[in-house]
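Add chain W to chain E, keeping to what the hints say.
Listed here are the chains, written in short residue letters.
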Amino acid sequence: MLTDRVILITGASRGIGAATARLCAAQGAKLVLTGFRHGEQLDSLAAELRAAHGGDVLTALYDVADSAAVRGVFQTIFKTHGRLDGLVNNAGMLDDALIGMIARPVTDTVLAVNVAAVIEHIQGAARLMGRRKAGTIVNLASIIGVHGNAGQMVYGASKAAVIGATLSAAKELAPLGIRVNAVAPGFIDTDMTRSLPEETRAKRLASIGLGRAGQPEDVAKVITFLLGDLSAYVTGQVIGVDGGMVI
Amino acid sequence: MELERLKACFRTILNLPDDADCAALKYRDTPTWDSLAHMQLIAEIETVFDIMLDTDEVIGMSDFPTAVGMVKAHDIAIEG
Numbered sequence: 001m002l003t004d005r006v007i008l009i010t011g012a013s014r015g016i017g018a019a020t021a022r023l024c025a026a027q028g029a030k031l032v033l034t035g036f037r038h039g040e041q042l043d044s045l046a047a048e049l050r051a052a053h054g055g056d057v058l059t060a061l062y063d064v065a066d067s068a069a070v071r072g073v074f075q076t077i078f079k080t081h082g083r084l085d086g087l088v089n090n091a092g093m094l095d096d097a098l099i100g101m102i103a104r105p106v107t108d109t110v111l112a113v114n115v116a117a118v119i120e121h122i123q124g125a126a127r128l129m130g131r132r133k134a135g136t137i138v139n140l141a142s143i144i145g146v147h148g149n150a151g152q153m154v155y156g157a158s159k160a161a162v163i164g165a166t167l168s169a170a171k172e173l174a175p176l177g178i179r180v181n182a183v184a185p186g187f188i189d190t191d192m193t194r195s196l197p198e199e200t201r202a203k204r205l206a207s208i209g210l211g212r213a214g215q216p217e218d219v220a221k222v223i224t225f226l227l228g229d230l231s232a233y234v235t236g237q238v239i240g241v242d243g244g245m246v247i
Numbered sequence: 001m002e003l004e005r006l007k008a009c010f011r012t013i014l015n016l017p018d019d020a021d022c023a024a025l026k027y028r029d030t031p032t033w034d035s036l037a038h039m040q041l042i043a044e045i046e047t048v049f050d051i052m053l054d055t056d057e058v059i060g061m062s063d064f065p066t067a068v069g070m071v072k073a074h075d076i077a078i079e080g
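Taken in order, these protein sequences are the chains called E and W. Residue numbers for the first sequence follow this note's numbering, beginning at 1 and rising by one. Residue numbers for the second sequence follow this note's numbering, beginning at 1 and rising by one.
Hints listed in this document are in silico derivations from the structure and should not be mistaken for laboratory results. All of these numbers come straight from a predicted model, not from anything done at the bench. Just so you know, even glycine gets a beta-carbon here, dropped at the ideal spot from N, CA and C. Any given hint could turn out to be false.
Claimed, not checked - Distance windows between CB atoms, simulated: (1) W/SER62 - E/TYR62: 28 to 34 Å; (2) W/GLN40 - E/ARG50: 38 to 44 Å; (3) W/ASP29 - E/VAL234: 28 to 34 Å; (4) E/VAL234 - W/ASN15: 32 to 38 Å; (5) W/THR32 - E/ARG201: 57 to 63 Å.
Extracted from the complex, chain E is given alone in its bound form (with noise of 0.2 Å):
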């Protein structure tokens, strides 16, 4: 389904980032898998990746909120397989707090690398996706993005930001070809949110229709699927992998 697609997806040494690179490399697309703190993990699953599918599999360590990085990252790109087709903006962070103890420099850091970020890697991918007047991206946003939470003004505003950010790109570059859609996970079993007291979690268990957690891979295959033919006619959407839970 993905045979020989050049894929792009930024913080893939992980969670919902690992899944969809093994889901995407089991479907044929070539990768560029990218990371910043664990670049071990990061040339594991590359190396995994290349024994089982034998695929082409490029990887780069970068701050996602590193402007020159970005730049560089897509010139790479460029130069190598001269195309891009595919964009997960998967990266992101999670600095929760309560509302009167939030530091500025948290709220800069988050909407850096949740939404800075993001646009950044919009704005590469659609000058490679233009080129050829094909090209998808999905962006990762969030239950908390559309319902909001307690003690996650921040997240919850970058992941606003991003739903945002995809309505707007899906517009501007439809006439290009390129499909902008966002999805919004719910309680998705990852590093992010097994960090989270006993007491929250099984909170946020008790919410959720389907009776569990999430699961990556259970994201990865939405985002698999807006990657690609499948999802064709589909842009400008966001669309919740939640397990029908309730905020």
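Chain W only, in chain E's frame:
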């Protein structure tokens, strides 16, 4: 040769006559060089010279001489 190719990009996208003075072209001063034409111009230059321009270069290409310098910076042997 390369300079002529760059001039051709501008003349094509900005709908200019063949004898137009490219050296005098300026973003938003030249009537046909608006923001939409700017992005088309960038795409044309990238295709013709097989380069990828950075966002800073896209924003900074405010006139023809800047475009010449920009293309030169991508190791294209362009006169001027």
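Range hint compliance [Cβ, W/THR32 to E/ARG201, 57 to 63 Å]: Cβ of W/THR32 to Cβ of E/ARG201: about 60 Å, so the range 57 to 63 Å holds.
38 to 44 Å as the expected CB spacing between E/ARG50 and W/GLN40, which holds or is violated: holds, 39 Å
Range agreement (Cβ of E/VAL234 with Cβ of W/ASP29, hint 28 to 34 Å): violated, 41 Å
Pairwise beta carbon distance, W/SER62 to E/TYR62, judged against the given window 28 to 34 Å: holds, 29 Å
C-beta pair E/VAL234, W/ASN15: status relative to the range 32 to 38 Å that was hinted: Because 36 Å falls inside the window, the suggested range holds.
The structure is inconsistent with hint 3 alone, although it conforms to all the rest.
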